[in-house]
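Here the structure of chain A is known, so what remains is to put chain B with the ligands in place on it, guided by the hints.
Each protein sequence line maps, in turn, to chains A and B. With the working numbering as the guide, the letters of the first sequence map in order to residues 537 to 937. With the working numbering as the guide, the letters of the second sequence map in order to residues 674 to 853.
Since the hints were derived computationally from the structure, they do not count as laboratory data. Remember, it's a predicted structure, so these values are computed and weren't measured experimentally. All C-beta atoms, glycine included, are put in the ideal place defined by N, C-alpha and C. One should not assume that every hint holds.
What follows is a set of in silico ranges between Cβ atoms, one per label pair, in the way DEER data are often shown [as the list claims (entries may be wrong)]: (1) B/Ala-721 / A/Ala-663: 31 to 41 Å; (2) A/Lys-652 / B/Gln-683: 40 to 50 Å; (3) B/Glu-821 / A/Trp-722: 34 to 44 Å; (4) B/Gln-683 / A/Glu-565: 41 to 51 Å.
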Amino acid sequence: MHRLSVARQHGAYEMLQKALTMEPAQVVELVKASGLRGHGGAGFSASLKWSFVPKDKFPRYVIVNADESEPGTFKDRLILERDPHALLEGALICAWAVQAEAIYIYIRGEYFYPTKIVNQAIEEARANGLLGERILGSDFTCNAHTHPGAGMYICGEETGLIESLEGKKGQPRFKPPYYPAAIGLWQVPTIVNNVETLAAVPWVFRLGPEEFAALGTPKNGGTCLFSLSGCVNNPGVYELPMGFPLDGLIHNLGGGILENRKLKAVIPGGSSSPILTAKEARGIRLDFESVAAAGSMLGSAAVMVVDETISIPRLLLWVLRFYAHESCGQCTQCREGTGWMLRLCKQLLEGKGKSRDLDDLYEIADAVDGTTICAFGPAVAWPTKSYLKKFRHEFEALVRE
Amino acid sequence: MNGIPQGLEQKANEIILRYPPEHRNAALVPVLFEAQKSLGYLSPEVEAWAASTLGVTPVRVREVISFYSMMRREPAGKYHIMFCHNVACSMRGAESLQRYLESKLGIAAGEVTQDGLFSLAAVECLGACGWGPAMLVGEEQYFQLTQEKIDKILDELRQGRMPAGDSPTPLIGNVGLPTE
Ligand SMILES: Cc1cc2nc3c(=O)[nH]c(=O)nc-3n(C[C@H](O)[C@H](O)[C@H](O)COP(=O)(O)O)c2cc1C
Ligand code: SF4
Ligand code: FES
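Just chain B, with the same shape it has in the complex:
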């Protein structure tokens, strides 16, 4: 179908199998999520396709997209940055670090750089408070951020390389889970 990323159809069919046949519409959020992963945003074509594939009304698709904060109907930058500005990170300097990041990118939170390379969102807690300040770039996670670490990450991204992230999340504290 026109405007539908390659492989999405098949991915959607796999996802639908997770739910009882009479509840295939439960696949709506995961399918939209996959669509956004491959296309970068949710286009009108994708919306229409999701509605017909899952047997829900276009209004419901639109409603769901506007409810969930990670879903967007406008293209983001090639590298979409989600920077945490919640309590624990803020206690460890996230506010000034966000200003630093904004000045390095030349945009404010909610904007896309002119070259389309970066977009920035100030987001709520990322579940990484002990490793804060924290952010995601695309699907990769970066923790214990400092100005130097941000410089390094942006430099590599500008050269077209995805910098190594903090996956798996480093162990801090005393969790006795054995490591490999």
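Next up, chain A with everything else stripped away, as it sits in the complex:
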């Protein structure tokens, strides 16, 4: 399937051909009717983003976000390795819809093998008139290139990604004014979409927008790739309708908890999402609204299962170690706060914590929340606060007065 000949037997690029016979605005309308939402974390409407491109500004670019660095998330890897032509086709349809002249696929540096496969796919597509000048005999000319990251989580944030692509440190820009659709790569209109979002676009055309929408819930069109990891028997990537029950994912498909242990908690949307206790997680559905109503977020749909043997303070240590390492350093609260929280958490686990430290931890997290340039601040604050609030007893048990 990663080979063009095989992919074409499965209908690859037929939907691009179809899209190229439509007006760009019609393409956006069709995607709108499908209810397709971004799979990169925020769940933003794909068609709405495409419609934000200012009418008179050229050139324009499409960036595929293949940074996949939110801990717990590993679904884009499979698309890159096994179905790169679906991604290229979707990205080209997007590029046609917004009249972009080039596509950059920003792939995290650790993805050596996936990058190799995508580069092969680009070569094959180019050699077969699917990329480059006058694609499929139309008037549309568009190129695609991969661009490697080099090991920084913050380059997954779209404006950090753009800075990184421009050959700089990947430090996020202020929004406003730097909404990429208006002022993006090299200051021109740029659509940044996640791999999975774009790879779904050919399916919107193949099934038709109504049928695609009907796969999910009224506000969440289509299916979703769930990355299931942690203490379950069958971790893996599961493609399921939006709104699939969490219990079914963990206990049926996921084969239940390792060694029949008890479920303690679930992190439903990557390490940046607030934790749900086993009780809160029971009975919820996996779509953006339902997970938000339960007090967390679907994010990148990375479901991490935490069983009774895992200590929540230890979990916090792993999470804080990550955020302290990855802060880009622009905002004082984020740079200093993450390091400080990590030190406090370490002290607690070493038995040197005081009960005052628990309040400090919470207050520092609160100070980082909502006061920073980018959403990295909340991404560290929310999990930290939720662990402390919901599992306070585990932290208190570590305190030596």
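The following block gives chain B with the ligands in isolation, referenced to the frame of chain A:
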């Protein structure tokens, strides 16, 4: 040019073509990345060459190198191991497996073995959480690690062979993508 790996110049010229001519400096990260792939690290000569080739200041090159965690200015081991110590892998025993790996290598994370054969880095999530514990050796990926699997990998590397890795990533879960 002195100290510039063979073929890098040509590689860089190919990479530069991906960007509009007025934005050739966008090639900085990919070019440094390629340089490190062939040389093993980023030497002062490579830094100077990258700056002049791409028309950026040496300060900017240095700034970029220190920002990105995969870039290094010191040689690594012949086999550079990146071992994931993030949440999902840790829930599946990565911590004790890391200690095992460290004791087998006789070094801690961040160090290079005396014979220069191995270096070890404890890294954040590798995007392989469902197959954890996970690591990279050079450019090859190894998943579902156990002590036995680590033994086998190190044995082969010590004999100068690159062990078969987990590429493509095995399918687990129910992704309906047809295979060849
Ligand atoms: C700290 C941070 C890290 C992010 N990392 C990623 C990532 O690795 N991959 C991704 O697709 N989106 C990531 N995002 C979201 C992007 O900023 C952006 O919203 C997304 O790529 C848009 O694509 P979508 O609309 O298709 O979801 C991240 C956001 C933040 C704040
Ligand atoms: S919140 Fe953190 S990661 Fe985001 S811009 Fe500020 S310092 Fe950088
Ligand atoms: S946590 Fe180890 S690969 Fe994601």
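Status of each hint after checking the structure:
Separation of B/Ala-721 from A/Ala-663 is about 37 Å and conforms to the stated range, judged on CB atoms against 31 to 41 Å. Between A/Lys-652 and B/Gln-683 the beta carbons are some 19 Å apart, a value that contradicts the proposed interval 40 to 50 Å. The hint said 34 to 44 Å for the Cβ distance between B/Glu-821 and A/Trp-722, and at roughly 51 Å that hint is violated. Taking 41 to 51 Å as the suggested C-beta distance range, the pair B/Gln-683 and A/Glu-565 conforms, at roughly 46 Å.
Of the numbered hints stated above, those contradicted by the structure are hints 2, 3, listed in ascending order.
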